[in-house]
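Please put together the full structure from these sequences, using the hints given.
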Amino acid sequence: MKKRNSALSVVALSAVLLSACSTGQGTATNDNGNTGGSNAGGVTTIEFWAAPNPTQQAYWSEMAKAYEATNDKVKINVSAIKESPTSEASIQAAIAAKSAPTISENINRGFAAQLSDSQALVPLDTIAGFSDVIAARDMTKTIEPWKFADGHQYVLPIYSNAMLFGWRLDTLKELGYNEPPKTYSEVLEVTKKLKAKYGDKKYLWAKADLADPTAWKRWFDFYMLYDAASGGNKFIEGSSFTGDQKAGESVLTFVDSLRKEKGILARQSTDPFENGVGIFTDVGPWTFSTWAQKYPNLKYNENYTLSMPPVPDGVDPAQSKTFADTKGLVIYASATKAQQEAAVGFIKWVYSDAANDVKWFKDTNLPPARDDLSTNEAFKPILDASPQLKPYAENVPNAVPPMDNAKYNDLQTIIGTEAFNKVVKGEIAPAEGWAAMQAALEKALK
Amino acid sequence: MDQRNNRLGWLFTSPYLIYSLVFFFIPLFWTLFLSVTDWNMIKPTFNFKGMSNFADALQSPSVHAAFWNTYRFMLIFVPLVTVLAIGVAVLVHGLTRFKGLFLIGFFLPYLSSGVVSALIVKGLLSYTSPVNTALRSIGIDIDWLGTPFTALFIVGLILAWKFTGYYALIITSGLESIDKEVYEAAAIDGVKDNQRFWRITLPLLYPSLYTTLILAFGVTFGIFTEVYQLTGGGPGNATNTWQMEIFKQAFSNLQSGYASAVALLASVATFISIFIIRKLLEVWGKRNGWV
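Residue numbers (UniProt numbering), protein chains in the order written: chain A, 1 to 446; chain B, 1 to 291.
No lab work stands behind these hints, which were simulated from the structure alone. The model shown is predicted, which means the values in this text are computed figures rather than measured ones. There could be a bad hint or two in this list.
What the hints assert, rightly or not - Where chain A lies over chain B, by a calculated footprint (3+ residues, C-beta under 8 Å):
| id | segment |
| --- | --- |
| 1 | 36–45 |
| 2 | 118–125 |
| 3 | 142–149 |
| 4 | 226–238 |
Think of the CB as a built atom: it goes at the ideal place given N, C-alpha and C, for glycine as much as any other residue.
Okay, structure coming up:
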């Protein structure tokens, strides 16, 4: 009896383990090599995962309903991506459990690279009708840098925040400036005047993240400066390090000079820019709704203003580029062909009418990823009502999206640990930091 | 009859067996399987990598940091929480009224959210906080979360604040179980008041202390929330922990195989450390004649 029970337990446990280890091979598949299929009674059902915030979820629910009213052959279920523990991990778990959606938004280029590297995404340019979306939305230029190293487009960018630097205009005016400095030497001159006047009460750049190696934090310091200094050089392309040494070293030298002038406060401080402890920081358009509630006294072009990142001396500030905080839509390879085509049909319908992008911009404050954002009359009322959004709209084509490497987390951590964070703390010389970073990146890319 | 008893036995133990199977054995075997693969749970295929995930982890500076930081946290947290818990327990035990109320008060931090307490501490230690502004005015300028030792100490302090009440409850129950006659007999034998704690209370508290110490040592292997919220494992890797490392690798880098290997290494380090600590505590008790 005992032996039989033990044997049964072992068999049961093995069965559970084997089923868990299964990669799905040998299960029923459809014409696209995928399980399941949501095509009942001629109606194709697609699952749409929206960003985990009520505004975006409401937007997509509304769009889905409106589309269903025009096309009774497609049913769209919109739900928010779960964030337990992160939205990326939720998508990973869904793919592993074979319950991935058809389409999801809120995907950055780095995560898309992880997914495409794992063959979890459909190259959008291979689906019929995708080129019509690009043409209808007027986004040919904006989507160009999104092309992956393999030549395919895996993400359709929805919005593109050309990250800008905010300057405390009130403090600049106290120091005798009516507009933000544009070059490194001008910024250093401001720093010297600031320190002479305020000592340790004010800093040029007060931000604890400058000393934090967390990968995504480099998007909002190093990359903004690097994109400006290098004219939008790709830094890492596919699996090769293609960084511009001259531009990179000049960025690190600039940061080092700021440190030497005691212009950097890389310590925890409550809203340093808003409270005037720092006079220079990265600002994304999502910040304005928070400011409206928490810091209503902050007024654009009164006590703060926005500018593209400063550039090294000798570089034309008008040619400055910046980092694009941008996310988009992807279609999952686990979806059936019918679902993939229905998803593209839905996207095409949404983006063929600029009014839908106007609604998006109005609801979310996130600039739609279009080439004509600052020229299309449809967006004018929004930009007139919120002039602080104008520089974001104007610079959409000047913004460089994140790298398309599946190891982007590790690689960006290296930028911090080997160079940027160390320079901020004065632990390494800029040129040595760049060399150490390059060596570590090349090793990690192998 | 035997067969009926046998069936009843299986029936009554089945909840535990099912629980163990679902929440222990299956995850354990799943982790073992993942740890020898390069699978990220997204790719349709995977390769067996043998022990290379373990070899990579053993060479990783952030894993080394997680290993050593656990013992650094131990050195700060365990003595601090033990002394505070004994102090609170002795003080509360001496009260004649509202004993329960005070114990509940000290226990409340244990129920509080780690995220909230970390955010409050973050605000308190902000460069512009009243504390730091006052310190700077007298010439003391400390980067609390940006300096390795102070960052470790702050995390240890938050944990001690959180766990003191819980451990004080255990120690109070130990104090309550000491018969008053023991103290009376000791007084008759000439034990002075200042010797009572060391000669009577502490030895008789040994079982409760043993429990709290094992629990406290165990806490240091599971530190996550406070570090995640306050320092993110930095500065450098100064406050990186096993749980932080597993989280980063599994959920940011999506390296499920490597993260599983780190998780298994963490389990082995925890098991061996707790085993050694348990033995040392037993030797300590035996050497002093407390067991």
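Hint-by-hint comparison with the structure:
1. 36–45: holds (count 6)
2. 118–125: Holds: 3 residues of the segment 118–125 of chain B have a Cβ under 8 Å from chain A.
3. 142–149: Since 4 is at least three, the answer is holds.
4. 226–238: holds (count 4)
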